Amino acid sequence: GESVGLHLPTLSVQEGDNSIINCAYSNSASDYFIWYKQESGKGPQFIIDIRSNMDKRQGQRVTVLLNKTVKHLSLQIAATQPGDSAVYFCAENPSGYSTLTFGKGTMLLVSP
Amino acid sequence: DTEVTQTPKHLVMGMTNKKSLKCEQHMGHRAMYWYKQKAKKPPELMFVYSYEKLSINESVPSRFSPECPNSSLLNLHLHALQPEDSALYLCASSQPWVQSTDTQYFGPGTRLTVL
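Protein chains in written order, with the working numbering: chain A, 14 to 125; chain Z, 3 to 117.
Read the hints as simulated data drawn from the structure, not as lab findings.
Worth double-checking, as some hints may not be accurate.
Below 27 Å or equal to it, Euclidean Cα-Cα: the simulated DSS-like pairs (lysine-lysine) are [stated by the list, open to error]:
{"id": "1", "chain 1": "Z", "residue 1": "K43", "chain 2": "A", "residue 2": "K55"}
{"id": "2", "chain 1": "Z", "residue 1": "K11", "chain 2": "A", "residue 2": "K50"}
{"id": "3", "chain 1": "Z", "residue 1": "K43", "chain 2": "Z", "residue 2": "K24"}
{"id": "4", "chain 1": "A", "residue 1": "K84", "chain 2": "Z", "residue 2": "K42"}
{"id": "5", "chain 1": "A", "residue 1": "K81", "chain 2": "Z", "residue 2": "K11"}
{"id": "6", "chain 1": "A", "residue 1": "K55", "chain 2": "Z", "residue 2": "K21"}
{"id": "7", "chain 1": "A", "residue 1": "K69", "chain 2": "A", "residue 2": "K117"}
{"id": "8", "chain 1": "A", "residue 1": "K81", "chain 2": "A", "residue 2": "K69"}
{"id": "9", "chain 1": "Z", "residue 1": "K21", "chain 2": "Z", "residue 2": "K40"}
{"id": "10", "chain 1": "A", "residue 1": "K50", "chain 2": "Z", "residue 2": "K24"}
{"id": "11", "chain 1": "Z", "residue 1": "K43", "chain 2": "A", "residue 2": "K50"}
{"id": "12", "chain 1": "A", "residue 1": "K55", "chain 2": "Z", "residue 2": "K11"}
{"id": "13", "chain 1": "A", "residue 1": "K117", "chain 2": "Z", "residue 2": "K21"}
{"id": "14", "chain 1": "A", "residue 1": "K117", "chain 2": "Z", "residue 2": "K11"}
{"id": "15", "chain 1": "Z", "residue 1": "K42", "chain 2": "A", "residue 2": "K50"}
{"id": "16", "chain 1": "Z", "residue 1": "K20", "chain 2": "A", "residue 2": "K117"}
{"id": "17", "chain 1": "Z", "residue 1": "K43", "chain 2": "A", "residue 2": "K81"}
{"id": "18", "chain 1": "A", "residue 1": "K55", "chain 2": "Z", "residue 2": "K40"}
{"id": "19", "chain 1": "Z", "residue 1": "K24", "chain 2": "A", "residue 2": "K55"}
{"id": "20", "chain 1": "Z", "residue 1": "K40", "chain 2": "A", "residue 2": "K50"}
{"id": "21", "chain 1": "Z", "residue 1": "K43", "chain 2": "A", "residue 2": "K84"}
{"id": "22", "chain 1": "Z", "residue 1": "K40", "chain 2": "Z", "residue 2": "K11"}
{"id": "23", "chain 1": "Z", "residue 1": "K43", "chain 2": "A", "residue 2": "K117"}
{"id": "24", "chain 1": "A", "residue 1": "K55", "chain 2": "Z", "residue 2": "K20"}
It should be emphasised that the depicted structure is a prediction, and the values quoted were computed from it without experimental measurement.
Model the full structure from these sequences, guided by the hints.
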């Protein structure tokens, strides 16, 4: 299940389950969104991105959904594996700016 | 190849020391970034270089001094740091944002400890 700790929301799942990580973004002008995976002691790793003219994009075992009406982004991971355990950050890019605004992050814990 | 390299991997320094962090990419990207990341927090932008020129400084204290010697290299010079500056320092690169769709690729980071 999902819990909100002192610093980082955590999602705990069993191996083989599908995981859904949610993100609420703040800027209605944002037109590009990215999901990053960050394992302990490593830098953020690009997973998948989506532009604001799309509402769904699929990669290998991952799907990103974008709902601009409610400013919501989600990352779905199919058949979650222990190697998927990490912190996941969403990031948005406000149109016309060369910076990313990161969400607070969600820790995904996958039990064998 | 989407690799950004950073050296050193770990750095311990005293408050009176001067040290430098280095970042390199060979993806032909012309935008490079420094971020600071505290434990269990998202990365916080410090500096942005676009075409080797500083384009964004997010009100970073002057004890952090960035430098972009060429299109592949980015340095962060450190002097008179405070213990609260201890963090993971991340470098990233991308194509300069033309239509806001160019992904930033991150290096592994330098874990900095200030004593």
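query: Is A/K50 close enough to Z/K24, meaning Cα to Cα at most 27 Å?
result: holds, 23 Å
query: Taking 27 Å as the top limit, are the C-alpha atoms of Z/K43 and A/K55 close enough?
result: Between Z/K43 and A/K55 the Cα gap is close to 14 Å, so the pair holds against 27 Å.
Hint consistency between A/K81 and A/K69 [alpha-carbon to alpha-carbon, up to 27 Å]: holds, 11 Å
- prompt: Is Z/K11 close enough to A/K50, meaning Cα to Cα at most 27 Å?
  reply: The hint holds at about 19 Å.
- prompt: Between Z/K43 and Z/K24, is the straight-line Cα distance small enough, at 27 Å or below?
  reply: holds, 23 Å
task: Below or equal to 27 Å on CA atoms is what counts here, so check Z/K43 against A/K50.
output: holds, 13 Å
field: Satisfaction of hint between A/K117 and Z/K43, Cα-Cα up to 27 Å
entry: Holds, at about 6 Å.
query: When you check the alpha-carbon spacing of Z/K40 and Z/K11, does it fall within 27 Å?
result: holds, 16 Å
task: Take a quick look at whether A/K117 and Z/K21 sit within 27 Å of each other, Cα to Cα.
output: violated, 30 Å
message: Can you confirm whether the C-alpha distance between A/K69 and A/K117 stays at or below 27 Å?
response: holds, 22 Å
message: Against the 27 Å threshold, does the CA-CA distance of Z/K24 and A/K55 hold or violate the hint?
response: holds, 16 Å
message: Check the hint pairing Z/K21 with Z/K40 against an upper bound of 27 Å on the C-alpha distance.
response: holds, 20 Å
Of the numbered hints given earlier, the model fails hints 5, 13 and 16; all others are met.
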